[in-house]
Every structure is written in structure tokens, then in C-alpha cells.
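Trainee: First to last, the sequence lines map onto chains A and B.
Okay, so the first sequence: first residue is 0 according to numbering that gives the first Met the number 0, each after it adds one.
Okay, so the second sequence: first residue is 0 according to numbering that gives the first Met the number 0, each after it adds one.
The set of hints was computed from the structure by calculation and includes no laboratory data.
One thing to keep in mind: the hints can contain errors.
No more than 25 Å apart at the CA atoms, straight line, and that leaves these computed lysine-lysine pairs for DSS-like [unchecked claim]:
#1 A:121 x B:373
#2 A:120 x B:180
#3 A:152 x B:180
#4 A:120 x B:353
#5 B:185 x A:120
#6 B:360 x B:642
#7 A:152 x B:642
Which chain B residues face chain A? A few, computed with CB under 7 Å, are given here [as the list claims (entries may be wrong)]:
#8 81
#9 84
#10 124
#11 183
#12 185
#13 187
If you only want the chain B side, here are some residues facing chain A, beta carbon under 10 Å, derived [stated by the list, open to error]:
#14 17
#15 103
#16 445
#17 446
#18 447
#19 451
For each residue, glycine too, the CB sits at the ideal point set by N, CA and C.
Listed below, chain by chain, are the residues.
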Amino acid sequence: MIDYTYFYKEELPIDGSSFETEYNVFISAYNSSERVRFVYEKSQATNKTWLVFPEYNYSDEELPTNEPYYICTGNTEADQIIGFFESSGLVNEIENSKISIDITGFMRPQLAFILMYLYEKKVKKIDLIYSEPMKYKKKENTQFSFGDVTHVKQVCGFESSPNNDTSQDVLIVGSGYDHNLIKSVCNHKEHAKVIQVLGFPSLRPDMYQENILKASIAANELGDDAMYNPRFAPANDPFVTASVLSQIVKECNDKNMITNLYLSPLSTKIQTIGFVLFFIYELKGKSSSLIFPFFDKYEQETSEGLHKIWKYTIEFP
Amino acid sequence: MKTIQNNPFSVVKASDYTDEQINQYWVDIPGGEGFSEIAKPLSEMPMIILGGKGSGKTHLMRYFSYTLQKIRYGESYIEKIKQDKYVGIYFRCGGLNSERFGAKGFPMDVWKSIFAYYFDIWISQLVVEFAINYIESSNISIEVENTICKEILNCFDVSPIPTNNDLTLTDIYKTLINQQKEIDSKVNNSIFSKQLDVNILSTQGRLVFGIPKILESHIEGLNNILFVYLIDELENFNPEQQKYIQTLLRERQHPCSIKIGVRSYGIKTYETYADGEENREGNEFEAIKLDDELRAKNKDFDKFARELCISRLKACGLNDFSGDEKAVDKYFEEPKSIDEFGDIDKITSGIKGKTILSLHKKLKGNIDPGSLSKIASLLSFKGTPIIEIAAVYAFYKCWSRGDDLVRSAEEINKSYSSYLKNKNNKKIKEIISHYKKDFIAQLRYVNKNQIQVYAGIKNIIDISRGFPRHYLTILKHIYQSSIFNAETPFTSGVISIRSQSEGIQQSSQWFYDEARIAGEDGTTLKNAINKLAELFRINRYSDKPTECSLRAFYTDMSKLDNETVRLIKLAHDWSLLIKDNKGRPDKNSGRLDDKYILNAMLSSHWGLPIGLRGVIHLNADMLRSIFNPLYESEHEKLKKKFKSSRNAPFIMGNSMKQGEIPLD
Chain A
0 MIDYTYFYKE
10 ELPIDGSSFE
20 TEYNVFISAY
30 NSSERVRFVY
40 EKSQATNKTW
50 LVFPEYNYSD
60 EELPTNEPYY
70 ICTGNTEADQ
80 IIGFFESSGL
90 VNEIENSKIS
100 IDITGFMRPQ
110 LAFILMYLYE
120 KKVKKIDLIY
130 SEPMKYKKKE
140 NTQFSFGDVT
150 HVKQVCGFES
160 SPNNDTSQDV
170 LIVGSGYDHN
180 LIKSVCNHKE
190 HAKVIQVLGF
200 PSLRPDMYQE
210 NILKASIAAN
220 ELGDDAMYNP
230 RFAPANDPFV
240 TASVLSQIVK
250 ECNDKNMITN
260 LYLSPLSTKI
270 QTIGFVLFFI
280 YELKGKSSSL
290 IFPFFDKYEQ
300 ETSEGLHKIW
310 KYTIEFP
Chain B
0 MKTIQNNPFS
10 VVKASDYTDE
20 QINQYWVDIP
30 GGEGFSEIAK
40 PLSEMPMIIL
50 GGKGSGKTHL
60 MRYFSYTLQK
70 IRYGESYIEK
80 IKQDKYVGIY
90 FRCGGLNSER
100 FGAKGFPMDV
110 WKSIFAYYFD
120 IWISQLVVEF
130 AINYIESSNI
140 SIEVENTICK
150 EILNCFDVSP
160 IPTNNDLTLT
170 DIYKTLINQQ
180 KEIDSKVNNS
190 IFSKQLDVNI
200 LSTQGRLVFG
210 IPKILESHIE
220 GLNNILFVYL
230 IDELENFNPE
240 QQKYIQTLLR
250 ERQHPCSIKI
260 GVRSYGIKTY
270 ETYADGEENR
280 EGNEFEAIKL
290 DDELRAKNKD
300 FDKFARELCI
310 SRLKACGLND
320 FSGDEKAVDK
330 YFEEPKSIDE
340 FGDIDKITSG
350 IKGKTILSLH
360 KKLKGNIDPG
370 SLSKIASLLS
380 FKGTPIIEIA
390 AVYAFYKCWS
400 RGDDLVRSAE
410 EINKSYSSYL
420 KNKNNKKIKE
430 IISHYKKDFI
440 AQLRYVNKNQ
450 IQVYAGIKNI
460 IDISRGFPRH
470 YLTILKHIYQ
480 SSIFNAETPF
490 TSGVISIRSQ
500 SEGIQQSSQW
510 FYDEARIAGE
520 DGTTLKNAIN
530 KLAELFRINR
540 YSDKPTECSL
550 RAFYTDMSKL
560 DNETVRLIKL
570 AHDWSLLIKD
580 NKGRPDKNSG
590 RLDDKYILNA
600 MLSSHWGLPI
610 GLRGVIHLNA
620 DMLRSIFNPL
630 YESEHEKLKK
640 KFKSSRNAPF
650 IMGNSMKQGE
660 IPLD
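Chain A extracted, bound-state conformation (with noise of 0.2 Å):
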């Protein structure tokens, strides 16, 4: 088990004045929230894209004018990702870059690829930002994501080397706003085990409830134990999320040794670090996978205001 804390986290300044590191690259994706605009417009790097992703369904004149943007194109995160780089050139020089990601604006999938792409071409350190919003627009009714979940996956890059055994497989689900992916996920490994992560304390004091009244309509799908005897990782904290998830696969494994596992970040997008973070540390090449639900198109805009900027440090092994 490994104690992720140690891990720097720090809170950046909304007060207007531009952020102080200075990077070589700079990502955000494009999205239509007004705090990914201003952590873009605070950043310093020498080299600051946009992605903008398909799912977003943004049209030519939505596009930014007169900032470098590469439109991400494929089938799959892994498409999207390795195309932006290979493209880019960045490829060859991004070892040895210094890196920051607004994450604010990713989706899930795409966000847990690109990390994954990193570690593999051997970067070492990343630093990631996310923008917390004063609330989302329609606040437990909010749509992240809409039509229906066109297919469940292991996320490119966090595919497992199966066990034939499944009698003690396991299923970690971050319980986001969106009944609806946890029920596909639920569903898509049934056989698992399921065991729920609620964002506690979450980003605002309303959206604990908020969550916790949307997740129940999976109550079915969760299952009684899931439901009623969550297990909780702060909504702003990947590296204690990380720590978390940690500390349940040890105690699932001194229990029974887990079979398959697999984990699902359906929650915040820092929560989704902290599975990164620690799939990347402790599962790689074992048993295990992130799964997610997939949907075709996402909003553009889900919330509104801006509370506080967070810097998490990534180092990888």
C-alpha cells in the first residue's frame, strides 16, 4: 500500500494575476466554461494548444481565433491523444518538457489516456490544474454527458491481462452526478463485486447531497452493500483518492485476493487522477483495467463560476 500524500498540491491565485511557473507546453481542452478560459489566459508556456475533442460537437465559427488549437480526431481517446502529439512534433521533445494540463475541461477517458501517454514516453513530472466551479447549472439534474452510453470499454492504455478466475472479481465506482454510467458500468461486469467511492468532502457542501441523490437511483445496479456502506475520497484530492483506493484493494485482497479488478472513475476529473495515479503505480500489468461507459456527445457547458484553481503535482514511478 502506498501513502500518495506526499504528493504537492497547492492553490492558485483567482485573483487575476497570471500564474507564476512558466512551462514549454501548455494543454487545455476546449470547452465554452469561463474558468478553462482563465486558467488558459493565466498560464505561461511557450507552447499553449487547445484540443478540442469531437465529443464536444463544436462547429468552425465555435472555434478559437487567433490561438493554436489541433482538433483531435480517431476512434478512440488513443487516436485523439497520440494524434495531437505525433502531429505537433511534441512527440520527440516531450521526455524532457515541462508540462502542465488543464484538465478542467477533459473528459474522463481522454484524461486518463493522455496520463497514461506521458508515463509511457517517460515523462517524469506533470503539472495539472483544474478550476473548481461555484456550482453546476442545473445542480443534481445537471447532464455531463447525453443520449445513451453507446458502449462500456477498458480505457486504451489501461487494458488488463485477465484471470480466468472470476469468482472474486472486484469493481471500484467512483459514483458521480450520473446515475446513468453507473448503471452501465454495473451492468457491463455484473459479476463483479462492486464497491462505491463517494467525493467526500466534495468540491461544494451541496454537492455531496447532490450526489448521493443521483447515485441512489443505481441503487439497484450498486447492489445493498455498495449503496449503503460507501467508502469515501475527498472530491478535490487525487492523491488521497489514490491513497484510498489503495487501502480498499489491500483490505479486499487480505480478505479474498481479488480475481479482476476494475476500476471506474464516473465521479470529478481530480478523483479520475487519483485512479490514474494509482493504476499507474500499483496495476500496471496485472489483473486490472479502468473501465468506463462511452457516450457520443458531452455539454459544452455544465457550470458556472469559478472557486478556486488547485496545482497537483504528478510525479510518476
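Start from chain A and add chain B according to the hints.
Mentor: Frame of chain A, contents of chain B only:
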């Protein structure tokens, strides 16, 4: 008094059970040889076990696996397997995480070969694992084991390890695991390495059929034992991957058989790699639809369901079940039989009752005030709401035919008054017998303080017929509601009608939400089911329902467009619609049409009946407006006509005469 600490029905999915629980909770279907008669474990003919979610496929397949055989037979496992004459090798396709075998910049042909080899290695591990288990409990010499190992290595075109005289099955098992891990590593990392140089060391299928043959020929106890591959959750494989399984099925060799468990919608191809030939039912495989099989068992299913409930209660320490399985019925409050000649609590009849008030409202403006009062008075039967609503129904029928309204009301009053006294009018008796449940539903609906009653063990079984998981889900929700309502379910007293109705309502909502189909088809089907259920609901709560206890339709499928047919079949595959295999003869031509029934799990969600009596003909126009999104815009118009034909004043537009029903 014994009490239950936890909900006895909290675990509803076979996949949530341990092997021990599968064995502990196993209930066989009564009659004949039970589930063995359905699954035919001794048949060499491959079988595809289709079934809706919750029909019990996984439970059934796991029951026939050797891990369960071992638990079932304990120490005499070796001897009993000889008597069973089969050994089941069970696995889930989902476990392979097979979506990894595709794209990443490599052509499909490359993936095809790698997947086939991976699958062979995977399945071989399971057979060798069984063999290791088996020889631990039997007297097999080291020499024989070594010979087996050498022959297994001979199944490879290129042996992955050197052959020697010390080889054990554990070495073979480790070799297979290493092979799998090597492929995993190459497949998973190919996205970064952009290479996929997997060494394929054996010919497709050779390990799968070869290893059992070797075991059979060298281990005496396995002579004449059939190795049954129980391949579950085939829906998780893509069409190319399924093609390989279909190929194995076609090229099956003795002593192996294959049984495939798959959701009804999950078969993506019957094609094989044998020159693209398709497997055909009856030739290459036998197919069963498990929920159909269970539904067909009827009374046996009733018994099975009750025993399923008892087995859960017994596991919680309740052993108070003397006599037959119907002992469980006493825990469920039965809805009281409503006397058609009596009053119903909290439902007002007579002039101030909702039935007459509604009639009054509809007549107003269509008839002079004097006649209106007269009609209302003639049709009011205070103290007997069922007689009253039946009389009003008869009146609406006359109205829809264009009969003289006052005269009709007088005649109806005469015959219904006489029926009240003599109770022997055959026609009225028949109407009330057919429509009583719909009339009661209407009365409860308009008197909003009344909830619809869905209760009684018989109804619970009827709702879930063919789907054991639905049955357990209903019991789970009923138990929760009962506890919430401060009752002591299964320990003292009965589970109230209120708790049962609430539990069934929650289960219905769960089923409605649960039936989420991926992609565009999901949204389309959900809309279609909503529209269909709405038609049934309109009929049930109309002034003049044309069919009683309606949640089924029949149609000539040959007149439908392809997309409508595809979506109706998809709704059937997802168990939203149940197909009545007997069909329904068309009234006029005698042609046998297809008949589909809305799943009773949805009844409570829409206030529809559980029982089934009527069936309505829906023509091509109506069905395409329901199922085919291209014709969605036509639906409102057709629905309006459907509604108007059943509700006063029965005006259905210029093209139709009063009284004509547009859709029959």
C-alpha cells in the same frame, strides 16, 4: 418468534452468488427431469441458450459446471462425475475483455488470428485446471500424467516449452498462463509500441478439442465423459469474435460439446470461417429460449417460484414450511374479491359519483338538459359501483353506434335493474366477468385516493413468469416496502397489499429504467414502448374499451416495413415484448398473425392489467408510427383516432363514421 436480519432477496443475480450459494439456493423446475431436460447436458449437439436478462441462463450454466458438480458431490465427486457422464467447463466471455482485440492501427485479419489463439489458450487453461483438480482426487500415475502433458504439447504446432519426462499438468497450466500473459502484454501495449508480433503456436481449435480427447483416452474415469464447454455471455464478443465461436461450434469434435449462453439480442452472426457458411438451427445446433421454456411450464413455474421463495427464507433460518410449497402464500395478503353487487370502500357511486359525473360532463352540450338529467338518473346505481360503470359502459356503446340516447338509457336501466334483482342476465354477466378488473381499475383511477392494487403471490408470479430474476427483484422490493411500512414480513402477520403494490411498482420502474439499450435503438425502442403502452392505457381507461385486460397486439408482419419489423423483434429480444408463439388467427382471413404481449413487468408502470384476455389488431400504419422514427409524426393523428373511437362523443374526423373503430 424468529426474525430475519437481512432482506432474503437482496441477491438477485446469479453472478452475485458464490458457487456455494448457487448450490445452496438451487431449485429445480418440477416435472420430468427438471432443468436437465431443458439444458440436456449429455447431448453432443451444441446448444445455444438464448434468454432475456434475468431468465436464469447464468444460474443454469453455472449449475452444470464442474465446480458446482464438485460442491454438489463432495468427496464422491470422481464417482458421481462418472454417473453424470459429463463435466462442465464454464466461463464468461466478458472475462476476456475482448474489446482489446481490435483497431489500434492493425487490420482485422491480424486480430482475428490473435483472438482465436487467445481464446484457445484461455479455454485450455480451464480444461487443464479441471484435469489438475481431477487427478488430485484420483489415482493417476506420474507416467500417465507425463504422457498426457507430452500429448498436450503435441497439440501445438510449435511447442512453447521443451518436452521432458518430468512434465506435470501444473507445468502445462503455467505454460498456458505464460502464453496468455505474453499475448496480453503485446496486445495491451501495441497502442504504444505500434507492433503486434504475437507468435501463434497452435492451429485454431486443436487445443480446445484436443486436450479433452487426450484426457479421455488416458484417464479411466473420464472414459465416455462428455466435456461440455459452457460459454456464457456471448453478447460480449463482437461479430468477428462470435464467428470464431460459431466455427468451433460447427467443427466440434468428440468428446466435446458446446453450450452457449447469450442474451436474446446478443447473437451477432451465425457465420463461420468454414467458407463463410452459416450455422443453422437443427443442423449445427439446437436453440432454446429459456424464458419461453419456463413460461411454457406454467404450473411447474408456479411451483418453482414458490420453492425459490422458500429456499431464500430457509437460508435465513425460517423453516416453518410444512406441507407443500403453497405454504408461502400465507405471507402475502390477498386482494379481497370485489362483489359486483356490493359497494366498494372509498368509491362513491350514484348521481354524485365520479362515473355519473363524468358521463354528465360528456353529455353536456350534446343533448338537452332534461334528457341529460334523465339519462344520468337512469344509469345511476348507488351502492353498486361495478353495476353502475358496466351500465354506463353499455350506454357508451349505444352512443358510439349512434343509437337514441334516452331510449338506450331506459333499456339499460331496465335490464341492469332486473340483473340486480335476478342476477341472471347472461350478456351482462359476461360483460362484467370480462371487464370487471378494468372497471375496478377505472374506478380506482378516477377516485384518486385509491391506489391500483397489484398484489397476491399468484399475481407476483404471473408478472415475472419466465424470469426468475424479475421474481426475486419484486420480492426484494416488496420486502423493503414492507419493512418501511413497519411490518414484520415473513415472521408475523402478512405483507400488506400496500407494501406489495409499492414493491411491484418499484420493480416495474426498475425494469423500465433497466431496459436501457445502447445507442440510438435504445431511445427509439423506449419511445416505441411508451407509445404502445399508452395505447393500451387509453383503451383500459376509456369510456368504451374495445378489449378487456389488454396488453397484447397482433399483426401481419409481412405488411410491415423492414425497420418496423426489426425494432419489434429487438423489443422482443430485450424482453420488452413477449412473443406468443401460438400467434393469433386474423378474424376475417383466418391467416395466422404474429402476436406480441407487453411484458407484465411494465403493467404497474402504466396501470395496465397483469392478466391477459384481450388482444388488439394493430395495422401497419399504426405500428410503423409507433416503432419507426421516420413515421413518428403520424402517430399523434392515429392515436387521436384511437382515443376518439373509445371515448364519447366518438367523433373521429370526416373520413370515418361514428362508431367505426379505425384500427381493428
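Trainee: Now tell me, hint by hint, if it's right for this structure.
Mentor: Evaluation of the provided hints:
1. A:121 x B:373: Since the Cα atoms of residue 121 of chain A and residue 373 of chain B sit roughly 92 Å apart, the hinted pair is violated (cutoff 25 Å).
2. A:120 x B:180: holds (23 Å)
3. A:152 x B:180: It holds: about 20 Å lies between the C-alpha atoms, which stays within 25 Å.
4. A:120 x B:353: With a Cα-Cα distance of about 75 Å, the restraint between residue 120 of chain A and residue 353 of chain B is violated, given a limit of 25 Å.
5. B:185 x A:120: This hinted pair holds, its Cα atoms lying about 17 Å apart.
6. B:360 x B:642: holds (17 Å)
7. A:152 x B:642: Outside the cut-off at roughly 45 Å; violated.
8. 81: violated (26 Å)
9. 84: It is violated, given that the least Cβ distance between residue 84 of chain B and chain A is near 25 Å, above 7 Å.
10. 124: holds (6 Å)
11. 183: holds (4 Å)
12. 185: Cβ of residue 185 of chain B sits 11 Å from chain A, so the hint is violated.
13. 187: Hint holds; residue 187 of chain B Cβ to chain A Cβ min 4 Å, cut 7 Å.
14. 17: For residue 17 of chain B, the interface hint holds, since the closest Cβ of chain A sits about 7 Å away, which is under 10 Å.
15. 103: OK, holds: residue 103 of chain B within 10 Å of chain A, min 7 Å.
16. 445: This interface hint is violated because 31 Å lies over the 10 Å limit.
17. 446: Violated, because the Cβ-Cβ distance from residue 446 of chain B to chain A comes to roughly 31 Å (cut-off 10 Å).
18. 447: violated (26 Å)
19. 451: violated (22 Å)
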